[in-house]
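Chemist: Once you've looked at the hints, dock chains R, D, X and H against the given chain C.
Residue numbers (this note's numbering), protein chains in the order written: chain C, 49 to 150; chain R, 16 to 484; chain D, 7 to 505; chain X, 14 to 173; chain H, 3 to 644.
You may find that some hints are simply not true.
Cβ-to-Cβ under 8 Å is the rule here; a few derived chain R residues that face chain C [as the list claims (entries may be wrong)]:
#1 190
#2 244
#3 477
Calculated directly from the structure, the hints in this document are not laboratory data. Computed from a predicted model, the values in this text were never measured in an experiment. Just so you know, even glycine gets a beta-carbon here, dropped at the ideal spot from N, CA and C.
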Amino acid sequence: MIVPLAHVLILAGIIFALGLACVIAWRTNVIMMLIGIEIMLNAAMLVAVGGSRLWGATDGQVFALMIMAMTSAEVSLALALVVYLHRRKKTVNADEFDSMKG
Amino acid sequence: MSAADLWAVVPLLILSCGSLLILLQGAVVPGRYGTAIGVVATLVATLWACQPPVAPTAPVLGIATTPFARFFTAVLALTATAVLLLSHHYNRHREITGEEYPATVLFATFGMAIVASAVNLLTLFLGLEALTFAFYILVAIDRNRPASGEAGLKYLLLGAISAAFVGFGIALIYTGTGTLGIAQAMQGSLTAGNGNPIALAGWGFLLTGLAFKISLVPAHLWTPDVYEGGPAPVIAFLSTASKVATIALLLLLLPAARGALFLHLPLWWLALLSMTVGNLAALLQKNIKRMLAYSAIGQMGYVTLALLSGNGGGYEAAAFYAVAYTGMNLLAFGSVASLSRGGEVNIAEDYRGFGFTRPFAGGILALAMLALAGIPPTAGFVGKFLIFAAALRSGEVSLAIVGILSAAVSIYFYLQVAVNLYLQPVETPSDHNPASLPETATLGLAAVIVVFLGVFPAPFLDLIAGILP
Amino acid sequence: MPAEMLLTVLIFLPLAGCLLLVPVWNRPHLSRPLALGVAFLELALAGWLYAAAPPAAPGGTPLPGFFLWADHPWIGRFGIRYTLGLDGLSLAMVLLTAFITAVAMVVSWRAITERVTLHYFLILFMETGIMGVFLSLDLFLFYLFWEVMLIPMFLLIGIWGHGRRIYSAVKFFLYTLAGSLLMLLAIIGLYLIHGAASGVDTFALPALVHTPIAPATALWLFAAFLLAFAIKVPVFPLHTWLPDAHTDAPTAGSVILAALLLKTGAYGLIRIGIPVFPEAARTLTPLLYALGVIGIVYGSWVAFAQTDMKRLVAYSSVGHMGFVVLGIAAWTPVSVSGSVIQMVNHGITTGALFALVGILDERAHTREIAAFGGLWGQVPLYAFFFFLFSLASLGLPGLNNFVGEFLVLTGVFRASPTAACLAFTGIVVTLVYMLRLMQEVLFVTERSPMPLADLTPREGAVLAVLALVAITLGVYPAPLLDLVREPVALLTAATGGTP
Amino acid sequence: MEQIIFYILAAIIVIATLFAITERHTVHAIVYLVTSFFALAVIFYLLGAPLVAVFEVIIYAGAIMVLFLFVIMMLDLGHPEKVSSPGWRDWWPATLLGGVLLAATVLLLTVPHAGPAGGGAIGVRDFARALFRQYGIAVEVISMQLLFALVGALYLGRRR
Amino acid sequence: MRLYLSFILLLPLLGGIVNTVAGRLLPRRLAEWLACTAVAASFGFALAAFLSYRTPVTVELFRWLTAFDFQAPVALYYDPLAAVMCLMVTFVSTLIHVYSVAYMAEEEDYARFFALLNLFVFAMLTLVLAENLPLLYLGWEGVGFCSYALIGFWYRDEKNATAGRKAFIVTRIGDFAFGIAVIWLFRMCGTISITQINGMGTAVPAGAITLLGLLFLVGAMGKSAQVPLMVWLPDAMAGPTPVSALIHAATMVTAGVYLLARMFPLIGSSATALAAIAVTGGVTAFYAATCALAQRDLKRALAYSTISQIGYMVLGVGCGAVTAATFHLLVHAFFKALLFLGAGCVIAAMHHEQDIFRMGGLARRLPLTFWPFLAGSACLAGFPFTGGFFSKDSILAAAWLKGGALYGSLYLLGMVTALLTAIYTFRLVYLVFAGPPLTVPPPLMGTPTPTLPHQGGGSIEAPRLMEAMLIPLALLGLCGGVLNLPAYLGEGWLAGFLAPVPGDGNMEASSGLEMVLQGIAGVVALIGLAIAHVRYSGERRARLIEAAVGPPSAMVAFFQNGWYVDALYRFLFVRPYEALARFFWTRVDEGVVDDSLDRFAALLGATGQGLGRWTNGRVSVYILSLAAGAALLLAYLAWVVL
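Isolated chain C (complex conformation) (with noise of 0.2 Å):
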């Protein structure tokens, strides 16, 4: 290991920590939210390449390959959502889509 692996994982610990902050406070704007997320899942994918590292085996890496084709994705159909929606409501601020509450 070239850093302790607890170093590691705070530094995946802040990304993943600063990915949910942006996704809480942009709720005025889902494009925010998406890349809130997008660090979190980097976050994921750090802790994954971490460990690999850490065990010497390969299937962090795979893992760490897998989120990140998944979040591909997630993404694309996501923004496809937001298209979608903001051609109907000309908003992209999340909390205007309340119209089912209770």
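Modeler: Just chains R, D, X and H now, with coordinates in the frame of chain C:
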């Protein structure tokens, strides 16, 4: 990869190939045979899963055809069949044509089957995300109702966040234990003495993500909106199969970590909050789909209670309840779909007199309500019985009492539906457009199953006891 | 047919009758007699069982005191069995059930004009549930039937009821179910404790009776059972569903509710509650006494203030069932016999009174006491029966209710003179409201605005049968007392009740 | 040497991400994010995962971020004044929750416990073998998922 | 004997049932004939049983209440006490049945009347013949019920129905005590057979006997209209006069005395209980006599007189003189039935006028009624050598013999009462029969009665059949003394016959003392007559009648209204009961018990809605909630690990 391995993954192949086939035929003759192919594929997958494997199975490429996997594959595929049958007429009335719908349903089923068959966390994760992903599309698929898209967005946003949580959690567990194999990872993460803090943190994230999937409080808030917005057959699918798959996932993970004390309190609180909040919030709901959503939250609270009481037979109870719940919710949303064919009928008052003007669908809905309320002789009763028996056996007395009290409260809103169906004056004229044959057959069969499981649960219970790891 | 099949037939014959009704769903003129035929068949079967029952149960059987039983595995993994048993106590209740069901059907012959077949369907369905409760010896099975019988009653009240029928139906359902859910927990708890103690997982009542339970636990479990049963009986202060449900139910519903459903609670207490938890029951006996006495006095007192006849009769039920509770609480052979007799008698008398009020309601479309008067001159036959059953209700010796009440008081006095003396005031307060009802409805001047028709031959016949039963039970209750003698002796002896 | 690079990169990542999430201008945020991802890719490389590092650059920093940019342009969201950005009232719960989560996580992750000292780097060959031997189904699932991303996007994008 | 006893009971029962079920369909004559024959035949069997009586017998007919050791069969016990009661009841009943045929000649609902009358006889006989207490209770309640139904026979008038109701309720308050005594006895003795209980008098603790005696006393108070449960009897006069004669004078109201006599072997050993009984009797006798003095209604006056006379009987029991009490019971049955029937003749003749101040001069117009009535009055007043004289005197003698301050004062009270009795009896005779026929009707206070029926040539005559029934009663009343002549005049037959009744006080007074006591009593009666003569004859009578138009004086009103006890009870018990009933219903039952549920349900609903508001439609909140959950979860895990 031997022939035997291939043989074992055939159900998965059928589902995925069926899905592709639908897409392909859609390109040639749009919107003709999608449902048919889907039904055939899911049925064949079910049947295939039912037959015993030719050879003792070893993990293949990240999955294993254990009895557990075959059982859940069969249940999930059969649910998909039912959903396809139920949605055929509904979709036609909603102009949800095209081959996307059946193909996505098959894809979701594929994901679920993967979850049930997974032997390592990566497959598990991907299967889970695949099925959730399919539901992003399915929930938003009704383009005539803005609510559908909105529900899709809400589901997607929270789903993606939960995916991040799950991913982060699994990664941590992996880092903590050094393996993605479920059994080893679970043993490494939870049972080793004071535990592995990294893996434990991973469990924290994982549990949050899973709480979203089976809508436990406080990650439940999407449920009512998505249930309200999504097309009824899709919600029938979402509320049953996706939950069953997630429960199957938990059943894969938790028993391997028997004796995990760290998760006890979190699960305890999740169960408590879900049971109370879900059932209370459903009390005065006017919209039947929202009511069912809150009810689902409550029901998942019971399942959590069962999972929590694994030592006392809770896993069996959870598995049984998952299946029973599938039957009941299929009945509920299936009849809602059938009743709202001519337009969304969601507000409770709209159901006035349906018990008489639409006797079949109304009766099915009433049966579903009774079953959900846990009134014998239905599967819901046996399920609740098993859960509470397990809870008491493992000493969760206070939670069991809270659960039973919240169940008592829940009866009110289930009953309210029956009240609207049968006790309120009939306002709508008799409908001479009875439920279609596929609907009738599906709902009838599901009703028979729900009652049968309530009266003769013994063989089924034996089966479940046999498949659990 | 093997003898044990008889019990299964007894339970499921009405259900089979339900299925028979389906083909004639839209033809009430066919479904009505068909349903009644099934009810009569059931009654005949019950009667035959009574006639064929040996004077004493065969000795050396696995179930002492029972002359018929059936036992099959059902859910093996949990030791749940399909166990039915018929002893004198069950038989008394079975006879009452079969009889009252037939009566309820006849009474509502013309009153129901809409969804006729459904009405009879539900009554038959309910009969299955009630029979099941009275015959089950496996607690799981018992609970199953216990809840099954709620749904038809809910629908009966809700569909054909009057006034705030939906409120009442929902209240009835929720109230009773809420109580029984806690009982479900207690049943499971009992099962687990028994399983842990003996290594045998079973819900069989005869086995569970001998479960050793820690006193504190037993108290909690018993409290849960008690709650469920007390709500059904009902015991003050858990009774408020009853006036609403009775008042708003259609005639057949009121009759069955009062005559049969209330009995299941008391039956459960006798069959399960006290035998399984004798110690806990002994601890709570003072409470039961108090509640029984309060039920008697308070129920009757409140009945006095009522303006709606059905409500009045409903509150009278609270009073009468107070005697049953008291008798069970004392748990002496005499008092328990008295309670059982009182259960049967209350079924007959209050059932008849509800039928009578229903008949009046059918004609005048009101049940306000103030709307009537001088019926004696107007509709003599009706008035006669009303008079007779009111007398029975107020406990006139020579009529049926007296027998049960007197035996209860005698038995209770042995165990607790204070409770018996306080309960004895019940005979005065009962008299007060019944006399008021009789006077305002039957006597004085005619107040009802519309001309009322006297009883039709059909109504007259069914009331005459009820009257005959009431008088017979009042004058010669010995057969009934003999019937319950052995089971009561066994039950009370098993728990060391004072002789 | 590697250690120092790691910490520098870590600092870059945190700062860039911080800028990204607080940036009012979405396009700028994407740019910050790309920076962050590049740094992350280097860390991946340092941690012995060159393939992941490469994909991070290609897929994440490349494809996905471009997709974002594309959509931002398409919906004409490149004007910060049009979209309201989070204020103090939005940030404090975010900070609070993120902080608590982070604190708890860090506490858990820094508890000393027995673990391997660290394995060696993994070659691409090992990686490929694991991918197709152990996780063959995963590849299938991902491929299906990508296909359905396409299907879904097409379906939603189709104009009536 | 079994046959006789069965038929004694069965015949009236059958008559009652037939008239109940089919009376309406039968021809009137047949129904009447049936009722009378049933009772007459019952009398025949009673006579036969009496003649063939040798020794007390118990006859068990069939099982009734049998639960474990609690055995209450339908069993009859025939002993001298039962024998004389049977004879008296059936005899008087027969006469009154026949009388009723005439009295109720215009009543349309004859079937109900005769059915109830027959049932009453059945119930009374059951009471008399019962071998065990529950069966006695059956008869006891049965007569109560029949009394209720017959008082309210003319149910269209609310007053009648209310009176019946009141009678039933008040007597049942007594039954309450009686019932407790029964079950208590069962607890202590393990049996409820009267003979067995009476046989084990010593086995029962003394304190319990006292309490039991008091309980039986309360039971008797209710049935026999003793203070303080006497309020129902005056109102019970609302019923048809034959009913008043039979039930509220001759038979039912004496059931309390009968009960005490029956249970005397048990309770006689408690001096406290006896004293309480004696005081109750003495006070009641005095109280009712004062009330009778002021009554204007003929039947009410007689009703108070009945209460007073039963007071004597109870006093007799309290003095341990069961024979004397029984003796007075029998004689009183005859003469009081006679007086009521006579009053019935008067009322019938006056076309249902009952106010004595609006009568007069009937001696000449109704001679056949007058003379038997006079005979009855003589008995009531205790004129020497009438039946009433001997019977009442034997009770007073018993009181005197008992001695002591308590019994001495009770003797004095009895004497005063005897004086009052003579006064009010002849007040009635003078006002009703003496003087000139009224010509100008004084308007009754408050109630306008425009015409008097017996004016304007209205016929004043009673049916012959009714008057015929008076004669045997008059003879029996006058000569009733021979049943139990005092020792100095010969052997007392009744005392001899009843001797087997165990526990009877066997205090034999010397002949001399007895003659003195009887002489005093005779003188007192004559003084009473003199006072009555002075006050109510000739000129004074006319003046009194004129004065009666105005409001009565406070004193008179006090007595007229029975010392306002009714009002007191209404204030103390009835009003609070009604008010509390409403309170319990609206405030407690609906207000607290039910409302708390509804409120709880509403609270749950509101909570649910509040929780529903959590789902406010905004994704941000959903995410926040999820993240908060995650933060909590992780914080918990961190806390656990550290």
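Chemist: A separate judgement is required for each hint: does it hold in the structure or not?
Modeler: Status of each hint after checking the structure:
no.	hint	in the structure
1	190	holds (3 Å)
2	244	holds (6 Å)
3	477	violated (37 Å)
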